[in-house]
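These protein sequence lines are chains A and B, in that order.
Under my numbering, the first residue of the first sequence is numbered 1, with each subsequent residue one higher.
Under my numbering, the first residue of the second sequence is numbered 1, with each subsequent residue one higher.
Since the hints were derived computationally from the structure, they do not count as laboratory data.
Incorrect hints may appear among the rest.
[Claimed, not checked] Taking lysine-lysine and the DSSO-like style, the derived pairs with C-alpha atoms no more than 30 Å apart in a straight line are:
| no. | chain 1 | residue 1 | chain 2 | residue 2 |
| --- | --- | --- | --- | --- |
| 1 | B | K86 | A | K66 |
| 2 | B | K95 | A | K131 |
| 3 | A | K91 | B | K95 |
| 4 | B | K85 | A | K103 |
| 5 | B | K111 | A | K103 |
| 6 | B | K44 | B | K86 |
| 7 | B | K4 | A | K103 |
| 8 | B | K86 | B | K111 |
| 9 | A | K103 | B | K95 |
| 10 | A | K103 | B | K86 |
| 11 | A | K85 | A | K66 |
| 12 | B | K85 | A | K131 |
| 13 | B | K41 | A | K103 |
| 14 | A | K103 | A | K63 |
| 15 | A | K91 | A | K63 |
| 16 | A | K103 | B | K44 |
| 17 | B | K86 | A | K131 |
| 18 | A | K131 | A | K63 |
| 19 | A | K91 | B | K86 |
| 20 | B | K44 | B | K4 |
[Unchecked claim] Cβ-to-Cβ under 7 Å is the rule here; a few derived chain A residues that face chain B:
| no. | residue |
| --- | --- |
| 21 | E47 |
| 22 | V50 |
| 23 | L96 |
| 24 | M102 |
| 25 | S105 |
| 26 | R107 |
| 27 | S114 |
[Stated by the list, open to error] Covered by chain A, according to a simulated footprint, are these stretches of chain B (three or more residues, beta-carbon under 8 Å):
| no. | region |
| --- | --- |
| 28 | 53 to 60 |
| 29 | 89 to 103 |
Beta carbons: idealized from backbone N, C-alpha and C, even for Gly.
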Amino acid sequence: MTELRVSYTLDSTLETVDSAEQTASRIAAESGFDEDVVMQISMAVREAAVNAVLHGNAYDPDKKVKLDFERTGNDLVITIRDQGKGLDLAKIPDPLAPENLMKTSGRGIFLIRSFMDEVQIHPSQTGTEIKLVKHVHGPSGDVKEASQ
Amino acid sequence: MSMKTSTRQVDGVTIVDCSGRITLGEGSVILRDTVRELLSKGQKKILLNLGEVTYIDSSGIGELVSAFTTVRNQGGELKLLNLTKKVHDLLQITKLYTVFDVRDDEASAVKAFS
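Let's have the full structure, built from the sequences with the hints guiding it.
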């Protein structure tokens, strides 16, 4: 894959969530991932953006969401940062637990972890950074080289 | 494409044909309002046809759960019809597939309402 590094600074709005999803979908497709994997990546980014806008920045117009895409030979790495109080990892529920199964929220992080190869969450007092990694598995794996 | 719904009646069952995206914001709100309106009119046998739903996020999944619970709590039934592969897979990994009564044939789905 051709290397790429691109960064966006976005407002804390629902439009940002849609924009992040669409950008992720485009970059994942351009990177040669197949349709199902493109959907997984774009959905993971959407869920991370939802967390940043809603739970992190709480729609605060003074706070921004930073979205970075880095494509290397082996990985597509996406980083989403907010400027909120920092996600409390201990409070992330297990949505598959019987007591949580019928809850109407709490599935975002679970879906992100389901769809990406690596997920790193770094909360701090100045915000939460979530790094999402999708590996390139080669021609027989998830990626088909567009040039071939 | 944003979410759209249209409703029709078949043998006492209200079929809600959904199309577009059930996502945080407008899509989820439209689904919520549609179900609430049906319940307010006493239409408690609801079949959600998701055959034209192109995308659903965690908020949309939550809205389906909410609709299911709300209808059941009012003594009604809510079933799902014509899941796309994407929606089917999402309900599988969230372990909700067995919670919902999922159907792939409209006529038999209508008959399945008590």
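Okay, the hints, checked on the actual structure:
no. : hint            : in the structure
1   : B:K86 x A:K66   : 28 Å, holds
2   : B:K95 x A:K131  : 26 Å, holds
3   : A:K91 x B:K95   : 21 Å, holds
4   : B:K85 x A:K103  : 23 Å, holds
5   : B:K111 x A:K103 : 29 Å, holds
6   : B:K44 x B:K86   : 27 Å, holds
7   : B:K4 x A:K103   : 24 Å, holds
8   : B:K86 x B:K111  : 26 Å, holds
9   : A:K103 x B:K95  : 12 Å, holds
10  : A:K103 x B:K86  : 21 Å, holds
11  : A:K85 x A:K66   : 15 Å, holds
12  : B:K85 x A:K131  : 27 Å, holds
13  : B:K41 x A:K103  : 26 Å, holds
14  : A:K103 x A:K63  : 29 Å, holds
15  : A:K91 x A:K63   : 23 Å, holds
16  : A:K103 x B:K44  : 21 Å, holds
17  : B:K86 x A:K131  : 24 Å, holds
18  : A:K131 x A:K63  : 19 Å, holds
19  : A:K91 x B:K86   : 28 Å, holds
20  : B:K44 x B:K4    : 20 Å, holds
21  : E47             : 6 Å, holds
22  : V50             : 6 Å, holds
23  : L96             : 5 Å, holds
24  : M102            : 6 Å, holds
25  : S105            : 5 Å, holds
26  : R107            : 4 Å, holds
27  : S114            : 5 Å, holds
28  : 53 to 60        : holds (count 3)
29  : 89 to 103       : holds (count 6)
The structure is consistent with each of the numbered hints, conforming to all of them.
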